[in-house]
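Undergrad: Spelled out, the chains give:
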Amino acid sequence: MAHDAQAAALGPLQQVAGDFSADKQAFTVPWGKAMMWIFLLSDTFIFSCFLTSYMNVRMSTMDTWPNPSQVFALHLFGQDIPLILIAIMTFVLITSSGTMALAVNYGYRRDKRRTMWLLVATAVLGATFVSMQAFEWTKLIMEGVRPWGNPWGAPQFGSSFFMITGFHGCHVTAGVIYLLITAKRVASGFYDKKGTYETVEVAGLYWHFVDLVWVFIFAFFYLW
Amino acid sequence: MSEAKEGQQHPLTVYLWIWLLLFVLSTFSYLVDYFHLQGYLRWSLIITFMLLKAGFIVAIFMHMAWERLALKLAILVPPLCLLILISFMAVEGGYTFLTRGTAFLR
Numbered sequence: 053m054a055h056d057a058q059a060a061a062l063g064p065l066q067q068v069a070g071d072f073s074a075d076k077q078a079f080t081v082p083w084g085k086a087m088m089w090i091f092l093l094s095d096t097f098i099f100s101c102f103l104t105s106y107m108n109v110r111m112s113t114m115d116t117w118p119n120p121s122q123v124f125a126l127h128l129f130g131q132d133i134p135l136i137l138i139a140i141m142t143f144v145l146i147t148s149s150g151t152m153a154l155a156v157n158y159g160y161r162r163d164k165r166r167t168m169w170l171l172v173a174t175a176v177l178g179a180t181f182v183s184m185q186a187f188e189w190t191k192l193i194m195e196g197v198r199p200w201g202n203p204w205g206a207p208q209f210g211s212s213f214f215m216i217t218g219f220h221g222c223h224v225t226a227g228v229i230y231l232l233i234t235a236k237r238v239a240s241g242f243y244d245k246k247g248t249y250e251t252v253e254v255a256g257l258y259w260h261f262v263d264l265v266w267v268f269i270f271a272f273f274y275l276w
Numbered sequence: 077m078s079e080a081k082e083g084q085q086h087p088l089t090v091y092l093w094i095w096l097l098l099f100v101l102s103t104f105s106y107l108v109d110y111f112h113l114q115g116y117l118r119w120s121l122i123i124t125f126m127l128l129k130a131g132f133i134v135a136i137f138m139h140m141a142w143e144r145l146a147l148k149l150a151i152l153v154p155p156l157c158l159l160i161l162i163s164f165m166a167v168e169g170g171y172t173f174l175t176r177g178t179a180f181l182r
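Heads up: the sequence lines are chains A and B, in that order. The numbers in the working numbering rise by one with no breaks, and the one at position 47 of the first sequence is 99. The numbers in the working numbering rise by one with no breaks, and the one at position 45 of the second sequence is 121.
It is possible that some hints are incorrect.
Covered stretches of chain A, as calculated for chain B (at least 3 residues, CB under 8 Å) [to be verified]:
1) 70 to 80
2) 144 to 151
If you only want the chain A side, here are some residues facing chain B, beta carbon under 8 Å, derived [unchecked claim]:
3) S112
4) T248
5) D263
6) L264
7) L275
Just so you know, the hints here were simulated from the structure itself, not pulled from any lab data. Because the structure is a prediction, the values reported are computed rather than measured. Backbone N, C-alpha and C fix where the C-beta goes; we use that ideal spot for every residue, glycine too.
Looking at chain B on its own, in the form it has when it is part of the complex (with noise of 0.2 Å):
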């Protein structure tokens, strides 16, 4: 890393390519949704294209990847904590829909 330019400096390139190739994942992910796609399939795809997007989004735009490692660490770990709270409500939301089919089936 070099101190002597001011933040990030980096070839417009750079840029460019990844300008182009959100346009390409987010034409994927609409393609998903134009031809029906379903099931696994689906899901997995659109899951595939979101995590692609969004890293390349905070990797090359937001210059995540050349930011020190004190930094990164600090701001992509804490939304771990996520994963605990999504798969508690997931749990949660699949016992209330079981609970309210036995209530209707009573």
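One chain only, chain A, in its complex shape (with noise of 0.2 Å):
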């Protein structure tokens, strides 16, 4: 476009200010992903405020913080395997990050079969992920964690574990559904009458987000 051959003539900053300040729309992509990424923003600001009160009550607690490699390890071959299903949950939520990112790329490139079973393979695995928290859940519920106290140290560490989870975990189980919806619809040829699969695209933004904002919750709360 002979826009863009100008605008890269002028320089980045040039580009950005022209984009803001002209009378055009400001965000050369479909209204959908830039309402997927606003909303996606402040959703970035949800969870940072939920890591950062489990920072603030971390740093604040007079009692030993429980150590999540143990409180997490598994006895599995007849060994205790530290922090082994957060690694299984991590690694099947990476997983499916790849197959959403292949849904995107074939639909662009119409291929419907491939797209419907690449997204019906991504809400498996996010389906498959929310199981094993619910069984982690269940596992720790037995052990005693509430969210006013544990068996091993601070009280705080059950109510930043069950909020932080819980609330990723309700991200995850709203994905499945959006992408069982939008599997259909690709399979429906729903977005062949509408012209685009930038739709798919959309969906994927929110999906790789939840992958995005498990990358923080494994750092910080299980790794630390």
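Two chains, two frames, a set of hints: combine them into the complex.
TA: Here it is, written out as structure tokens:
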């Protein structure tokens, strides 16, 4: 486009100034994509508030913080493997992010069958993740972890754990439903009628964000 | 940036390489815990792997690297405010800890 060539000649900041100040649409992306990004920005703030409050209670407690490496260990093959369930959950979520990225790519290639099945695979992996999280919650609740206390130390451990992983689990569950609806629409030819597969990319943005949040939870809650 | 093609279309190999890289980085961060690394070494490794993973997800999987600068700035700059919140809450947490410590000593 001539407009782009002109903007490139002006340099990146003039391009930004042009995008925002000219009497036209500011973001040259479909509105659904811009809105999804803005929603994800607000979600970033929500999750950051949770993680910051977790940092605050962990710094200010006088009790020792329970060691996540041991709390989340599983007894497998005759030995305790530290944090193994969380590691498997992390790999499941990363795998689902990969299948999602491929689904978006095949969507733009108008390969309906592959797009649909990759979306279904992503949803199945997401459901696997939530099931493993349900197993983890059950195990911890049986061991006596409550939002107000636990057998190993600082009582704030339980409230932080349930709030952060619970909110993330809700996002994954919502994402699974979202992906299944998108897969159904791919199969029914909805996006062919609409003339664009950009909606699949927007669903992908949400799914990658869920994976992104897990990267931070994994680092700060489970590994720290 | 070619406008002829619809949306974000990139070669499959880009995604496959990033996918593999995310697996490797996750394995590394798990190994940090597995080998019981402690102290500043542990924290710096955790943060490094975390930021690398987050960066690749946002830049490649979420296509931020190929978006126009206006969208990049609109989405990536506001979260920097969080650094202020985090530093204030860290100071506050340390203060609460010290106050509780003196209360228990007395």
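Undergrad: Hint by hint, say whether it matches the structure.
TA: Results for each hint:
For the segment 70 to 80 of chain A, the stated coverage by chain B holds: 5 residues have a C-beta nearer than 8 Å to a C-beta of that chain, and at least 3 were required. Counting residues of the segment 144 to 151 of chain A whose beta carbon lies closer than 8 Å to any beta carbon of chain B gives 3, which meets the minimum of three for the stated coverage. For A/S112, the interface hint holds, since its Cβ comes within 8 Å of a Cβ in chain B; the closest pair sits about 4 Å apart. Hint status for A/T248: holds, given a least beta-carbon distance of 6 Å to chain B, under 8 Å.
At its closest, the beta carbon of A/D263 sits 6 Å from a beta carbon of chain B; the interface hint therefore holds under the 8 Å criterion. For A/L264, the suggested interface contact is upheld, since its CB lies about 5 Å from the closest CB of chain B, less than 8 Å. At about 5 Å, the closest approach between the beta carbon of A/L275 and any beta carbon in chain B falls short of 8 Å, and the interface hint on this residue holds.
Consistency with the previously given hints is maintained throughout, with no hint failing.
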